[in-house]
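Residue numbers (the numbering used here), protein chains in the order written: chain A, 152 to 484; chain B, 152 to 484; chain C, 152 to 484; chain D, 152 to 484; chain E, 152 to 484; chain F, 152 to 484.
Accuracy of the hints is not assured; some may be wrong.
Copies of the same chain look alike in the list, so a pair counts if it fits in one copy or across any two.
[Said to hold, decoys possible] Lysine-lysine pairs mimicking BS3-like chemistry, simulated, CA-CA at most 30 Å apart:
1) Lys405 x Lys225
2) Lys472 x Lys396
3) Lys353 x Lys236
4) Lys267 x Lys341
Hints were generated in silico from the structure; no laboratory data involved.
6 protein chains.
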Amino acid sequence: MKRKLVTFGEILMRLSCEDHLRFSQAHTFNVVYGGSEANVAISASNFGMSVDFVSVVPHTDFGNASLAELKISKVGTDNIVFRGKRLGLYFLEKGAVNRGSKVIYDRANSSFAEVKSEWFDWEDILKNCNQFHWSGITPAISKAAAEVCLEAVETAEKMGISISADLNYRGNLWQYDVIPEEIMTNLVSKSNVLLAGGYACKQFFGIQTQNSSNLELFEELTQKFPKLEKIAITNRIEMNASHHKWSANLYNGKTILNSTEYDIFPIVDRVGTGDSFMGALLYGLQHYEDQQALDFATAASCIKHSIYGDINRVSKEEVVKLMEGDISGRISR
Amino acid sequence: MKRKLVTFGEILMRLSCEDHLRFSQAHTFNVVYGGSEANVAISASNFGMSVDFVSVVPHTDFGNASLAELKISKVGTDNIVFRGKRLGLYFLEKGAVNRGSKVIYDRANSSFAEVKSEWFDWEDILKNCNQFHWSGITPAISKAAAEVCLEAVETAEKMGISISADLNYRGNLWQYDVIPEEIMTNLVSKSNVLLAGGYACKQFFGIQTQNSSNLELFEELTQKFPKLEKIAITNRIEMNASHHKWSANLYNGKTILNSTEYDIFPIVDRVGTGDSFMGALLYGLQHYEDQQALDFATAASCIKHSIYGDINRVSKEEVVKLMEGDISGRISR
Amino acid sequence: MKRKLVTFGEILMRLSCEDHLRFSQAHTFNVVYGGSEANVAISASNFGMSVDFVSVVPHTDFGNASLAELKISKVGTDNIVFRGKRLGLYFLEKGAVNRGSKVIYDRANSSFAEVKSEWFDWEDILKNCNQFHWSGITPAISKAAAEVCLEAVETAEKMGISISADLNYRGNLWQYDVIPEEIMTNLVSKSNVLLAGGYACKQFFGIQTQNSSNLELFEELTQKFPKLEKIAITNRIEMNASHHKWSANLYNGKTILNSTEYDIFPIVDRVGTGDSFMGALLYGLQHYEDQQALDFATAASCIKHSIYGDINRVSKEEVVKLMEGDISGRISR
Amino acid sequence: MKRKLVTFGEILMRLSCEDHLRFSQAHTFNVVYGGSEANVAISASNFGMSVDFVSVVPHTDFGNASLAELKISKVGTDNIVFRGKRLGLYFLEKGAVNRGSKVIYDRANSSFAEVKSEWFDWEDILKNCNQFHWSGITPAISKAAAEVCLEAVETAEKMGISISADLNYRGNLWQYDVIPEEIMTNLVSKSNVLLAGGYACKQFFGIQTQNSSNLELFEELTQKFPKLEKIAITNRIEMNASHHKWSANLYNGKTILNSTEYDIFPIVDRVGTGDSFMGALLYGLQHYEDQQALDFATAASCIKHSIYGDINRVSKEEVVKLMEGDISGRISR
Amino acid sequence: MKRKLVTFGEILMRLSCEDHLRFSQAHTFNVVYGGSEANVAISASNFGMSVDFVSVVPHTDFGNASLAELKISKVGTDNIVFRGKRLGLYFLEKGAVNRGSKVIYDRANSSFAEVKSEWFDWEDILKNCNQFHWSGITPAISKAAAEVCLEAVETAEKMGISISADLNYRGNLWQYDVIPEEIMTNLVSKSNVLLAGGYACKQFFGIQTQNSSNLELFEELTQKFPKLEKIAITNRIEMNASHHKWSANLYNGKTILNSTEYDIFPIVDRVGTGDSFMGALLYGLQHYEDQQALDFATAASCIKHSIYGDINRVSKEEVVKLMEGDISGRISR
Amino acid sequence: MKRKLVTFGEILMRLSCEDHLRFSQAHTFNVVYGGSEANVAISASNFGMSVDFVSVVPHTDFGNASLAELKISKVGTDNIVFRGKRLGLYFLEKGAVNRGSKVIYDRANSSFAEVKSEWFDWEDILKNCNQFHWSGITPAISKAAAEVCLEAVETAEKMGISISADLNYRGNLWQYDVIPEEIMTNLVSKSNVLLAGGYACKQFFGIQTQNSSNLELFEELTQKFPKLEKIAITNRIEMNASHHKWSANLYNGKTILNSTEYDIFPIVDRVGTGDSFMGALLYGLQHYEDQQALDFATAASCIKHSIYGDINRVSKEEVVKLMEGDISGRISR
Ligand SMILES: [Ca+2]
Ligand SMILES: [Ca+2]
Ligand SMILES: [Ca+2]
Ligand SMILES: [Ca+2]
Ligand SMILES: [Ca+2]
Ligand SMILES: [Ca+2]
Ligand SMILES: [Ca+2]
Ligand SMILES: [Ca+2]
Ligand SMILES: [Ca+2]
Ligand SMILES: [Ca+2]
Ligand SMILES: [Ca+2]
Ligand SMILES: [Ca+2]
Ligand code: NI
Ligand code: NI
Ligand code: NI
Ligand code: NI
Ligand code: NI
Ligand code: NI
Ligand code: NI
Ligand code: NI
Ligand code: NI
Ligand code: NI
Ligand code: NI
Ligand code: NI
Ligand code: NI
Ligand code: NI
Ligand code: NI
Ligand code: NI
Ligand code: NI
Ligand code: NI
């Protein structure tokens, strides 16, 4: 039986200031590699799923280095293409209290942005796959990336593979001549599992909701995208840059399920937390009932806030312990 | 038209332990340079004012290094005198929770402490100046420093320049044969803008107030120093070393204005926050109505608590965003 | 008059990840040395007591290095034996928020675990001693360690020396063929001062209590161990890994005394906080009335949570300031 | 056709002092993982060979972490057994000039030392293998390790697989009741490729040679071990701890081949240089004539002296460039 | 009298691995900013010249940060344009012994590469200038950069300003549709002072010389470019990556002058050493006779090899001391 | 029998730049504590002598911290006085190749400089002493320091204690109204063992010698100071800042003894190497014949060049190994 998750997207080098230094104070940067779809791949693989990550990286020391964590986590990298000129970068200044974190993207003209359709034989890539995952960052990168993403989604659809997506709205991408709504509508209409978000839905689809619950939004999405079987939303209440409240909802077309709300303070690293939710949700949906899947994903992503880097380095056991209610953070010795 | 702020005071090398290490654990010190009046100068310059800093530093690598941030921020350094033997130092152990931070000053016999009157031609220095700023640290350093400070203030007064002051009471300075009250009374009586403080007013002028509002204090100060046009006070409630509440008041001779109260937790670096208030207030008083000036200064100094070092590395846009009520510390990407 | 505290136990090298990194992310470890009974010795010595630490370390650079902090704090090390093959180690991953800290012990076959009875002449070692201290970690290490611990306790008892103990239950030690209850009952029954704990009492002695106060537990212990004159318990409420509430009780056979409850957030390093309580309690019981002794110990151990490493680097003055109610963590300058 | 290299041995955590600090000065340790046979595996894999590493590590975060570099370098880890209690450690103090480096092993009772025969099905493990590699460290670790090593060698011999060995004499291992000569004679007599050394041959086999060339030694070894087809020796002349001369010889039963002698100064990290020679030699013997194989191995291991850690992070192109005579270390930009 | 040096070129962020780590080992990068023409500007300014640097940087935190060292060194930055999207980057892996350093450029599509002619009013920019400096990197970056460079050179020529150039051949730039020889011939033909190099002359102009002295090359250049008054060449003999010999020649159309040859070992940072020679030569030619100018430039650039970063942080006094023959590196205390 | 070495002098905090950074580049300083006479004390104690260090330090965290290494090395600190206001400091920039290291002293007005005669009861301090050691730094610090040093020397002389001295000429001390020659002549005339130096002898006593051997200097010193029994000189040939040759001579009134000459490259830390020679010489003179004593001291101080900090962290065994001719710096494992 086919049991592989395949994710497709860009992996970047992240350069972050030490502690809470501002960019203007930085005499060193800490280096990790990550990207939404790679983060999802690693999370799911760490929980025990069979996963492949598909991407384009340059044939340089940095292209190679970007794959290290995937390999350590047993994510398949055989369909990654080594082409193009540069690895995309992003710089991260970590805020505190009332000073927000700051990301400077430097990913234009990256290997991935200049992806070519002929580099991928999607029928071959997806042959053992039962779940294909993409996110809204990919079509936002470049026209070429959007096209290849669509080819992947269409092939998956044709092959009867379940398709999942994270809307991942990024306002300062989408820098090419395009109507995002068209592209995203086309892509989401073929998808079965969605990680949505109120702001993203408004930006992409013009959906505006009135009341504070997510139910109305779920219903509008279901109406607009009838193939969607599961829709999730994470709720982040930003008390300030160091202190968030975190919960999530899952909608299965009928009922809206609620998770615990976690109070997260002080945050160690919030980048990649949405991805950690997504990776855990995909695992959960294959191994649990919906409520447990939601609880597993919310707990996993809660813990990610305490972990440096883009990647959720957490075991299934640790997630289950929190999911079952032990928030004590007790020392294990 | 004359539009320059001139500040006068000592700049020091600051040596702080990493993270929350105690002095006895330190195998490295982090190094920055700062001092109350230099911090004010840099803050004001960063918001767009034309600023000059006047001081004395030794003709050594450390004297030079102490000026780097001033130069980076376009603060004029042409009237800084290179004389004397040593740059003043201070050591900082950063506390946490119920353990307070600890400062060890090592600034006796510094170049600035041994300043000489003939090194400065104040009429020339102040010729394009419309605001002169000093703080209570300067006369506390040495008899010589107090004398030169008085000469500067008297020249400014004679030239019709607005004079601002930060009381900055430091109990373990004032180590020479002097009555602080006399000196400070003389200096403040010539000043027009004051950053005061309840404890400083009691120590310097014997002013004791009854009720918890600052109004009574403002009224006593106005009576005692009729030249004062604006008086500000910052209110710091120390929940513990990591967690403060922070607000401020401004008095214009008639009304007492109140700022938002910010809850700041966890604090990254509280040194220089008063100076960041002062620098922003001087900017605000020239560009805004009083209430906005107060709000700008309170927001600017709130953000400073999240920034390592003595200096407030923050843009006008960032201050305005907080001042307008966005406390979310949302990530910008 | 004899006025020396002697403590006996193992000292370890501690290797901890930087900041909140996970073990899998560590490219460096921070190194300190510590162990429950050494920590108690240093704490008590720092407050001014005359103290000796008795142990076994290997005759290597690490055996030597483990004694540095003892020597710096004037703890006597003349009765430490240099034998055996390795210094015990423990690795520490510091958690945050809902992710608990993680300790990996690597102390089997250490020099201390292979201690031999003939290496110690307890009558000689204890000749100027008026307080002997041991903890439940020592008999848990190995059969040999348990035997030597018993010899020390029996000699102290015979010599009329007051004996103190910290139950210090560690579930993953006790890895040899033994009934912990027997050994511990024998050792505690000879002791006069005890730092207990609800979970430890249940594990060691099967004592289960109903109500939430510690009174019932104190009474059961007093009944079971009639020699006990003072019993203390620390109460740690773990909101999460970064945030604890901390208080303590002291029982003198009649009354139960309560301390202030401290809210500790964010915690810098919680390892060794129990030891810092014990060291301060032993000092307090010799210099204060019971209530003050309890308050001193609680305040001392509250501060320890803000200090990196196993050791409580704090002065009597700092403890007294907090004990007298100043929780402001005000900067001292 | 079978084309896999399989190596068998222990992998350790290495903890080294920063720069040239002594153990007594270390407040941090740098962490990498390595071991002779793992180093050989990674080197060979980096040059493009198909390689498997067989070992035992504990089922802990450190057992997992020790495999990361193998996975990054595509070395197969499927036959690594997760059993036992601890990962072996070694500490490294890096000397300079006339102060030698210092290694403290802490590897007794490691998971590997307590290896069990039944954990390995060697016929299965070696089924696609055409080269099996072991080193003299493995039988030195414990009786159990020696037995399993012998089983592997015997199976390889039976299956007609070429066997290579590195004598790797370590005086302070061999800490169990055994005659090293017997074990090593048995193992080497079944091997076809050997990395020898004058001192090791004297210690293991009592072979003493007169003249300074290695020819006599090669002849004695060939006589004693008739199965040996290729014998190599590296010649290290230690001017001091920072400065070595480095060359090698290869003997094919008839001729003795000489390499270039490299002058290496200042050395960055000499640990693992023998292993980098071995890995490159195994690659070279499969892809080149003997002289080129020797030159490739000598150049590869020369470069290793400039690379931090146990592992030779070098590409085939970089080795070939040096092997062809470009010692300039010219900047590539 | 006009006495200003103006240099024009790109400034980059440099990200270098710690110590001698390979890119694949880097978990942090050290950050500095530099670029050939900025380095020349800072060097000359540090010796006391009046200098302006002209460039294009993005209006970001990194654009600002790149100017800090210029401001600290009093280099004028008023004609730097804040436009475009990104600051160019380069990554540096520092080799050792027989492993060369490695530079990965990531500067395509930088703000500077997309420079526009209309952003600069060269007559205004050069109005107080008596020396204009450019290097062969600038026309290599992009067609636009080459055009603006030519405009600057033509304006300088028209205004009777002396023009200096560093050939600075970089093989992996010049990535646009162009014949480098044409552009460079045009630019150099208008220049008066040249820092040449044998390899660059061959690549740019096809000049091949026979004998090992530089005289023939100087004569060919003088013939080809009759405006050249002074030509210098630095001679770097690369013993290996850590050890160079360094000397230079200066030709004034008649005589060839020789410098001392310095033995430099171990090199701390060789990047920017050519620039440090050029900056010191421009200073020397204005203050000394030719032989002294050459000696000053060679000594200054010798010292640069011991200084981290692109910039030569050295005083005139330090250079003169070495230039006068004190190679002892004696401690000053 | 009396068998204690007592040394008297100032201990300082040393703040050094990381690696080879210049002061202007330093964002952190590494911190150690040292001073000539403390360094001698620790060296001698590490070899097994009974040693006391006498000094004045402030009653601050830094005064305490400065004693840590003394306590770790079992040097007695009971006669150290806690008085005065500040610990002396020095800053160290570590040069390389042709750039010399740079020391900036900041020790004026230190606790030690303001020493008072009545703080020391020298008869009591020296009661178990058989060797008193001072250096030329102490009388150079201040008039008060010179007076107390003389009192100590006179008391030692009176008590028949052997007196040793290191001339330690520091040109930028001696900043008070004094004729150094007078003071030094008086002090040296009472001393029995001297570590001299050609430059120091010229500066202090006007002794100029012709030939390159040290014999003439030894003879002049012996004539001038008839009490001198042993005179040693270390010979440092500075090839450059990274590379020295190092040897020494010892004169016993009749013969001049020569040591091996060591080639030291690359130097890790040269500060305190003279002190490491002195400490080892005092040990050697009590345990060996003169030639061996010289060889021991030269070898010990050769190794010190490879050790970070002021202190020679080396064992007797390590020194003997080098002294017996093993310069290989072979790895010990
Ligand atoms: Ca950090
Ligand atoms: Ca991401
Ligand atoms: Ca830090
Ligand atoms: Ca300040
Ligand atoms: Ca840290
Ligand atoms: Ca402990
Ligand atoms: Ca380092
Ligand atoms: Ca190895
Ligand atoms: Ca470094
Ligand atoms: Ca450059
Ligand atoms: Ca370093
Ligand atoms: Ca010294
Ligand atoms: Ni933080
Ligand atoms: Ni922090
Ligand atoms: Ni800086
Ligand atoms: Ni903190
Ligand atoms: Ni922290
Ligand atoms: Ni330490
Ligand atoms: Ni933290
Ligand atoms: Ni932190
Ligand atoms: Ni890593
Ligand atoms: Ni080194
Ligand atoms: Ni180094
Ligand atoms: Ni230390
Ligand atoms: Ni190096
Ligand atoms: Ni190095
Ligand atoms: Ni790594
Ligand atoms: Ni170095
Ligand atoms: Ni270095
Ligand atoms: Ni900097």
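We went through each hint and held it up to the structure:
{"no.": "1", "hint": "Lys405 x Lys225", "in the structure": "neither (36 Å within a copy, 46 Å between copies)"}
{"no.": "2", "hint": "Lys472 x Lys396", "in the structure": "both (19 Å within a copy, 22 Å between copies)"}
{"no.": "3", "hint": "Lys353 x Lys236", "in the structure": "between (35 Å within a copy, 28 Å between copies)"}
{"no.": "4", "hint": "Lys267 x Lys341", "in the structure": "within (22 Å within a copy, 45 Å between copies)"}
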